[in-house]
Each structure stands twice: as C-alpha cells, then as structure tokens.
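Fit chain B to the supplied structure of chain A, relying on the hints for placement.
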Amino acid sequence: MSRARLGQSWLRPAVGVVIGLVLVAVCGSVLSATLLFVAAGILVSILYSQAVSFSIGFGGVATFGNQAFYGMGGYLVAWLSINEGFSNTGLLILIGIVAGILGSSLTVFLVRGQTGFVFGMLTLAIGQTVYEFVSSTSVAGGTGGYAGLVRGPILGLDLNNASTFYWFLAVIVIVVTLLLYGVRRSAFGQVLSATRQSALRVETLGAPVNRYKAVAVMLSGGLAGLAGALFAFTYGAVDPSMFYWVAGAAPILAGILGGMRTLTGPIVGATIYGGVIYAFSLSATVGQLYVSLIVLAIFLLMPDGIVSALASGIRSLSTRLGGAIARSPGQPTERKA
Amino acid sequence: MAVADNLGTQIFLPILPGLAEGMLLLVIAAGLTLTFGTMRILNMAHGAFFMLGAFVAYSASVSWSQGRTVVVPIAAAAVLCAAVGIVSERVVYRRLYKFDSLRSLLGTFALFLVFAAVAQQIWGTSPLGVNIPPVLGGHLSLFGVDILVYQVFIIVIGAAVVIGLRLWLSRTRMGLEVRAIAADRDMAAALGVRSERVFWLTFCVGCALAGLAGALIAPLVEVSSDLGADYIVLAFAVVLIGGLGSFGGAVIASLVLGLVDAFTATYLQSVEPYAIFLTMIIFLTVRPFGLFGSAAAVIEI
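One line per chain: the protein sequences are A and B, in this order. Each residue of the first sequence is one higher than the one before, counting from 1 in the numbering used here. Each residue of the second sequence is one higher than the one before, counting from 1 in the numbering used here.
Because the hints were derived from the structure by calculation, they are not lab data. Owing to the predicted nature of the structure, the values given are computational and were not obtained by experimental measurement. Keep in mind that the hints are not guaranteed to be accurate.
Stated by the list, open to error - One-sided excerpt, in silico: chain A residues whose CB lies under 8 Å from chain B:
1) Leu102
2) Leu106
3) Phe109
4) Leu110
5) Met121
6) Ala125
7) Ile126
8) Trp245
9) Ile252
10) Thr285
11) Val295
12) Leu300
Said to hold, decoys possible - Coverage of chain A stretches by chain B, computed from C-beta distances (three or more under 8 Å per stretch; other residues unrestricted):
13) 53-62
14) 127-133
Using N, Cα and C, we set each Cβ at its ideal position, and we do this for glycine too.
Chain A with its partners taken away, still in its complex shape (with noise of 0.2 Å):
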C-alpha cells in the first residue's frame, strides 16, 4: 500500500509512540523543578499500574496483593540506604526488583492450585497480613515508616537533580514499556492472552496454565518491586499505606481508565489519574472525589478504557473513510475474557 492510512495496522502504534515520546520531550523541557517532581512521581505511578495490569489486565489473574511487592521494594531500599548506608543506586534498584519477584514467588506458592476469585482474595489476604505486619512492628519502622532516603548517583548522574530524575524515570518507564512488548508478542505473552480467554482451552491443549499464571505473578511482582523502589527514590520516605489494600487500587483503576489489557492503557490512565489527583491537590480529598468519579464514568462509558476506545474509534472512522479494507486482520475484537 503506497498511501499511509490511520487505520492501518502499524501506523497507529506508530503515531502514538511519537506521541508519548515527544510529550515526555516536552514535559522534560519545559516543565519547572516542582512540576518535574509531580511528573517523577506520575511515572513512578505509571510503572507500577503497569505491573498489576500486565497480571490482572493481560494475564487475566486476580492478583489483589501487587502492593505487598510494591511495599517490600520500597521498603528494603529505604532500610539499606538508610540504617545500612547503601549508596549504590543501580543495586538497590535490582534489590527492589528481586524483592517483588521473590515476595511473589512466595506469594504464588502459597496459593498455589487456587483459580478465579479465591485467589484473588487470598492474594488480597496475603497482602493485608503483611500490612498488618509492617505497621505494628518496630523494625519496620511502625506507623511512620522511613524517612531521609538520599538519592545517590548512578552512572556518573546526579539524581538529585531534578531534570535528571525525571529523565532517569521515564528512561526506566521506556524500557519497560518495551519490555512488555516483547512479552506480549512472544510465545509467552501469546499462551498467556490465550489463557485469559480461555484457561480451560489452553490446558486442553497441553500447556500447564497455573504455571503461566505465577510466571505472570511474579513479572507482575519484579515490576511492582522497581515501582516501590522508585517510589522510595523519588519521595525519600515510605509508610505502612503502601502495603494497603485500598492504596493498592489506584494502580487498577489507573488500569481500568487507559485500558488494562492494552500495552499503552495504563500509560495514560496513570497521566491521567495522576493529573486530575494534582489539579486538584489544593484539597486531597476532593482530588480523590473527582477521580474516583470519572473512572467510575470511564468504566460505564467504555468498559475497555480509554486507549482501546479510541483504537476502536479511529478503526471505525478509517473504515468509514477508506471503505472496507481498513480494518486489519491483526486486531481482532475481544470483547469478554
């Protein structure tokens, strides 16, 4: 085909990936010291609604428990670099990783032979025992958790800088996103999507679909941990409420807003949800009213989110415009798991 449409296959990716990366060009450049501050954390949010949508969204597992990983990435790196004098920044990143992938290694053992929404609400379980945990005992620093995390250099940059944090996070928000598209096209990615559609098929046809799953745990839990880890780096404190349950949610609803189960969703759901909590951050709680409110709106009005119901959207228009060639035979309709 001589002439590029909207509606063809590669185009659309294409637009939106230089879409993303010149606002993250723009927001680098032209944003002030505070709003970079705002901006590291929404990556940092970005990350982490990643990692539950990936499981939940893409995988079609009910983990409830992503913020027991999120938490232990955080707080494993506040605790060496504060009471231990860790300075290394690339290893205490790696450290919160490992700490997600091992927490829900562990995590997935316990509730191993567990489907559907028993395993949900174990992993939910599992995630509040270790709430309770964290808030109660002196070692983990009780209710008020850490405080005065340094952020050391890595490769010879200053993190304390507030440009060069934002870039070292979106940098990290990049490779990850390539990442998981790398995932979701290999033959990984592709028996997993297949298990969320159908578990009972896939295992019909010889693949041990329990073992896809807790692989998808435990990348979902890895990324968690970095997200933690990141967190701890950007905000130089952690608390008890990373490991709640409810904090666990906003990553999902996050999900839920850009679309779970596409590559780009929880992109622009976590922008989003992170932008309305800062435009109205003069009072927190009516932040959290508004949000809570346009996802609850998102979620009636497109049920796949934002990013799959623009896809749509433009595939119909092209299909309007360009006659009926346009729809393409990579992007199949799913509407139900």
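What follows is chain B alone, placed relative to chain A:
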C-alpha cells in the same frame, strides 16, 4: 471488671464479644451473599454501604435523637442505604450485568471509592465517635464475667436478621423467586420470574442490611471513610469460608471468625491483627470451596 480467676471464666470471657462480632460480620456478609446469589456480582461497594450506614447513624444520633433512642439511627441507616442502593442499582449495577465477573468486581470497586470520597466530603476525614444509646449502655454480669448490654443487643438483632432472612427466603413468594434466580437465572426467567424486579429488590435488602450493620457497629469503633475497606475484606472472608452462595455456611463462618478474633484479642494479642486472615488462608488452602461450597459455585475471573 471481674477478674477471670478460673479456667471456665477464662474460656467464657471472650465468647460473648466474639459472638457479637460474628453476628456483625454475619449481617454484612448476608447482604453480600444475597446480592452475589442473585446478581452474580461480587459487590465490593457493599463495604461502602456499610460505611455509609455508620455515618448516617452518627448523624442521626447526634442531630435527631440526641443519642437517646435506639431505633432512629438504625432505621435511618437501613432506609437511607436501601434508597442509595436502589439508585445505584439503576445507574451503575444494571450496566455491570453484561460484564465478566472480574470487570464487574472492578466496577463496584470504583463505586466503593466514589462513596468513600463522598463520605469524606460530607463527614470529613477525622474519625467520629458515636455513643452507645443510654438504654443499652449498661453492663451485665454473667458467670462472673462482665459484659456490655450492647453486645447482647447486637447478638439479638443479628439473630433476628438471620431468622427473618431465612423465613423470607423459604416462606414467601418473593423468597421463592430469589432462590429460583440463584439456582438458575435463565430457567427462572423462562418460567416467568421477573429477574429485574428480583435483582433490585434483593439488592435493596442487601444494602439495607449493610446499613443496619454499619449503624450497629458505629458505637463500637471510630467511624471514618476507611471503615468499609476494613470490613469488606472480612465479609468476603466469611462468604468464601462459608462457601459462596451458602447462607448456612456464612452463619458458621462468621461466628467462628468472630470467636477467633475475640480469643486472640484476649489471649494472643500479638497474633490478633493477622488472626482472621491467617484463618482464611489456611482454611481455603485446605478447602478451596469453603464449608458448603461446591466446585460449580466457584467463579472464574
């Protein structure tokens, strides 16, 4: 406070508070089971209706009855929650029926957060205290153990709710329709059961029960917008341990969990925060379908 000086007294000490807490859990979980049984929606927002009930009871006891009557806060909470429930069924839940269960769960969670945020706007973020109605404020001495009259009151109300629900489901035409829908929605509809009417009516009853439970617990805790989040997890623990959709299972599970919590609160305080979660994890590992659940009732999400 009587000193627990012999073994019998020591064992008896936590039983009544445990039963009271179990009854409270039961009233919450009963509504949850009811809406799940008919609408097949795992209703996270049930916790929000519970929280709303506690706030309404606070307002009613402060402004209306000057904390004197027993009935007004409870009735106000139940009626208002039922009314809000009817509206949300029309606006939100009706759109969720067509979704798979994970999505409808997430939708009800979004609604949960809307209610929590609205409650913060109306009643503020600092925890509120509600007084026990003076009539029920006294103490009783039973087998040498000092107990609150209010705890006995909760147990009586809880038992009345259980018996009432039981009779409603087994003796009335409406209850028959509810059971028919729970057993096989399509077949019931084909036989002429008006499922939409059953849906909103059972939902209304479920919300009223949540409000009632919220009003009952209000004098015992600090009322804040976090209240729903804590109790909805416990209510789901009851429902899962009892077996999804099993009313009898929920009765046993809630009483057991209430007793577990009260015993650990009295004798093993370091374990108390985890007691219910650990019970749930261990029990569901051994019996994934709960006490009286079956594999058929397990929902894939």
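Checked hints:
1. Leu102: 19 Å, violated
2. Leu106: 12 Å, violated
3. Phe109: 11 Å, violated
4. Leu110: 7 Å, holds
5. Met121: 5 Å, holds
6. Ala125: Interface hint status for A:Ala125: holds (4 Å vs cutoff 8 Å).
7. Ile126: 7 Å, holds
8. Trp245: Holds, about 7 Å.
9. Ile252: 7 Å, holds
10. Thr285: 4 Å, holds
11. Val295: 5 Å, holds
12. Leu300: 5 Å, holds
13. 53-62: As far as the region 53-62 of chain A goes, the hint holds, because 3 residues have Cβ atoms under 8 Å from chain B.
14. 127-133: holds (count 4)
Of the numbered hints listed earlier, those contradicted by the structure are 1, 2, 3.
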